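Quick note, the sequences are listed as chains G and A, same order. Going by this note's numbering, the first residue of the first sequence is number 1, and it counts up by one from there. Going by this note's numbering, the first residue of the second sequence is number 1, and it counts up by one from there.
These are computed hints drawn from the structure, not numbers from a lab. No experiment lies behind these values; they were computed from the predicted model shown. Wrong hints could be hidden among the right ones.
Note: identical chains are not told apart, hence a pair may lie in one copy or across any two.
Unchecked claim - Straight-line distance between alpha carbons at most 30 Å, and here's what the computed BS3-like set of lysine-lysine pairs gives:
#1 Lys336 - Lys58
#2 Lys16 - Lys243
#3 Lys186 - Lys30
#4 Lys336 - Lys265
#5 Lys243 - Lys273
#6 Lys215 - Lys9
#7 Lys30 - Lys215
Number of protein chains: 2
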Amino acid sequence: MVFKKRRVKLEDIARKLNISIATVSRALDKNPRVKKSTQEKVFKTAEEMGYMPNQIAKSLSSGKTNIIGVLIPRYDEPFFIEVCRGIDQYARNHNYKILISSSRNSYQFEKENLISFEKGLVDGIILSPTHETENVAHLNDLTSKGMPMVLFDNIREEVSGADHVMIDDIKSSFNAVEFLIKKGRKKIAFIGGIKQKKVFQDRFTGYKSALNKYKIPFHEELVLHCNSLDREFEDREILDFFKHLTTSPDAVFTCTDNYGLLAMKTLLKTEKKIPEEVAVIGFGDLGLGEVFVPTLTCVSQPSFEMGQKAAELLIKQLNEPEDILHKKTVVKLETKLTQREST
Amino acid sequence: MVFKKRRVKLEDIARKLNISIATVSRALDKNPRVKKSTQEKVFKTAEEMGYMPNQIAKSLSSGKTNIIGVLIPRYDEPFFIEVCRGIDQYARNHNYKILISSSRNSYQFEKENLISFEKGLVDGIILSPTHETENVAHLNDLTSKGMPMVLFDNIREEVSGADHVMIDDIKSSFNAVEFLIKKGRKKIAFIGGIKQKKVFQDRFTGYKSALNKYKIPFHEELVLHCNSLDREFEDREILDFFKHLTTSPDAVFTCTDNYGLLAMKTLLKTEKKIPEEVAVIGFGDLGLGEVFVPTLTCVSQPSFEMGQKAAELLIKQLNEPEDILHKKTVVKLETKLTQREST
DNA sequence: TATAATAATACAAACGTTTGTATTATTATT
DNA sequence: AATAATAATACAAACGTTTGTATTATTATA
């Protein structure tokens with residue numbers, strides 16, 4: 001066959017059966033306004049002719065696309081992928097698809113992506129703002145135009161029209177550090193991420209407040225805020241950090257799994273025994289921790305559930321009547337400490 | 001503001017300026033049929049009124065959505081994510097967005113996803129069929145209906161209307177095994193994946209033909225085809241495999257990075273020295289290899305480029321005239337062996 | 001058997017664009 | 001100043017659905 005087939009449409013079925021398009025449409029919807037025998041004829045003919053509804057036309061007519069836009073800062077971060085899986089699962093079960101875009105850690109790209117979402121392709125948006133995002137006017141604008149939105153991970157409290165899904169970062173990191181302290185560790189290093197991200201700020205706060213509670217002096221020297229966005233440079237930052245330490249820590253608390261692994265790797269190179277001499281705890285628990293020897297104790301973050309919850313909140317918004325103002329919901333999910341060989 | 005704003009449309013601009021919708025539409029397109037001064041008025045008013053074009057209406061009218069559907073077997077496989085990144089990058093630069101779905105390794109879900117793509121939401125499809133996919137009629141059906149399609153990874157040669165992007169798995173694994181042989185290794189174990197996937201079959205073929213070329217006897221005992229789809233069970237399979245070996249291998253060639261790591265982990269537990277006693281090579285090279293101690297030598301697969309190439313081929317198809325039959329293109333990308341500490 | 005009630009279907013507008021053709025306004029040509 | 005050429009714009013159909021209202025066909029009621 002050389003020519004591409006013209007798609008079969010309702011009109012074709014209608015013409016073939018000598019009935020109106022409206023009746024065909026309603027028949028396929030099993031609308032009781034059309035009688036059983038007609039419905040059956042329509043279904044049979046639609047099948048025979050290979051009818052496939054046109055989603056675009058449906059969307060235009062109904063004003064709904066049943067697509068959720070998801071905007072993450074990067075693809076190559078298992079955490080975000082895991083959240084997307086959670087979103088996808090919940091969305092799929094509720095007849096929504098997801099359209100994932102990456103802002104590539106850029107405020108500019110974030111805005112561009114949101115504009116493209118705004119063009120009516122998506123019914124609502126789930127996003128994790130980039131660390132570059134200082135001004136959140138573009139988000140507030142969008143919600144005030146009536147675009148349902150849910151923020152997760154790097155949430156911004158100033159965004160008033162969107163729901164928030166997060167974990168209690170302060171508490172989680174407090175617990176992890178407290179755990180180390182209770183194991184008798186006193187010189188606990190902290191390796192965090194980009195300072196502009198609220199999650200990393202909070203994890204740092206939790207670290208400090210645990211030290212504080214147990215009257216353990218805080219040493220600026222034991223703290224590293226990784227600023228690299230690129231995997232390659234993280235390596236080097238962490239290597240340098242340990243190389244320049246004047247006192248050797250007896251524990252390291254890191255804000256991601258990957259930092260935890262890199263820390264262990266560096267420590268092992270300097271012949272440190274893990275966990276005897278140095279205990280290490282990572283954050284996230286997305287599979288990496290179990291691969292390494294020794295396995296890495298982690299704060300287990302419910303990433304998948306985070307996605308599910310975000311999708312749930314968004315779909316709830318989508319079902320709210322259009323004429324009422326949305327009331328912001330904030331959901332905090334629980335983390336737990338998964339103990340492995342590194343502690 | 002309590003009520004959601006009604007979206008501004010071309011008609012609103014037209015009414016405000018007392019001109020026709022068509023002129024507004026053309027003005028915004030910078031169509032020379034409308035004079036400069038009118039164009040400027042229209043742009044200004046559109047800006048003032050906060051006009052945002054409706055993508056759905058555009059799509060219905062133009063018959064194009066500028067969306068590429070991507071169907072992968074699973075999200076939690078860095079290889080697929082990396083391919084998606086490649087697709088996304090190329091697509092974005094050519095004014096396409098991507099809609100990613102997962103078939104969750106199920107033939108049934110694969111079909112369902114394709115049906116949903118067929119409903120007109122996407123202009124073309126890039127997919128990696130699941131290992132469960134025996135009958136490819138659904139793929140041939142779709143291409144013969146005129147849906148542009150590109151297959152990657154687990155390609156199926158029977159699909160005649162789609163382009164293929166792949167690596168030379170036979171050659172790549174042959175080279176890796178030959179490398180081990182040239183290093184003097186004689187008892188080389190093979191750890192492959194699901195037997196139904198062509199990539200794994202080919203990598204096994206390459207392994208055997210390297211042994212054959214160098215007259216090294218093939219031992220069934222040294223071969224494992226991992227059948228687990230779940231990360232947790234892979235662990236166990238590989239553990240069992242090594243436990244039950246009667247002769248100890250002096251090298252292991254594995255078909256994924258993860259198998260390579262698991263193999264190393266298991267070997268280290270039995271006090272084997274890597275690479276002195278056992279050399280290990282993985283396949284893929286998606287970051288994991290560099291984290292572990294020792295670092296893992298890998299066949300580096302150009303995943304990102306694979307995605308780019310797939311997107312390039314698809315977009316080329318999309319630009320072909322509708323009335324000619326597409327001629328199948330097959331692209332084979334080069335791999336290279338990245339040497340690290342494990343060999 | 002005429003009329004009312006209801007079932008079944010048809011008609012037509014709407015969703016927001018694009019685009020071919022028709023029309024009107026402007027400028028150039030004589 | 002009348003006409004031709006062209007520039008600028010308006011009109012209307014099309015994309016494939018959905019859905020409110022109008023119409024016709026069927027059955028029930030008297």
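Against the structure, the hints:
no., hint, result
1, Lys336 - Lys58, "neither (45 Å within a copy, 48 Å between copies)"
2, Lys16 - Lys243, "neither (80 Å within a copy, 68 Å between copies)"
3, Lys186 - Lys30, "neither (70 Å within a copy, 68 Å between copies)"
4, Lys336 - Lys265, "both (24 Å within a copy, 26 Å between copies)"
5, Lys243 - Lys273, "both (16 Å within a copy, 27 Å between copies)"
6, Lys215 - Lys9, "neither (74 Å within a copy, 63 Å between copies)"
7, Lys30 - Lys215, "neither (70 Å within a copy, 68 Å between copies)"
Going down the numbered hints, you'll see the structure goes against 1, 2, 3, 6 and 7, while the others check out.
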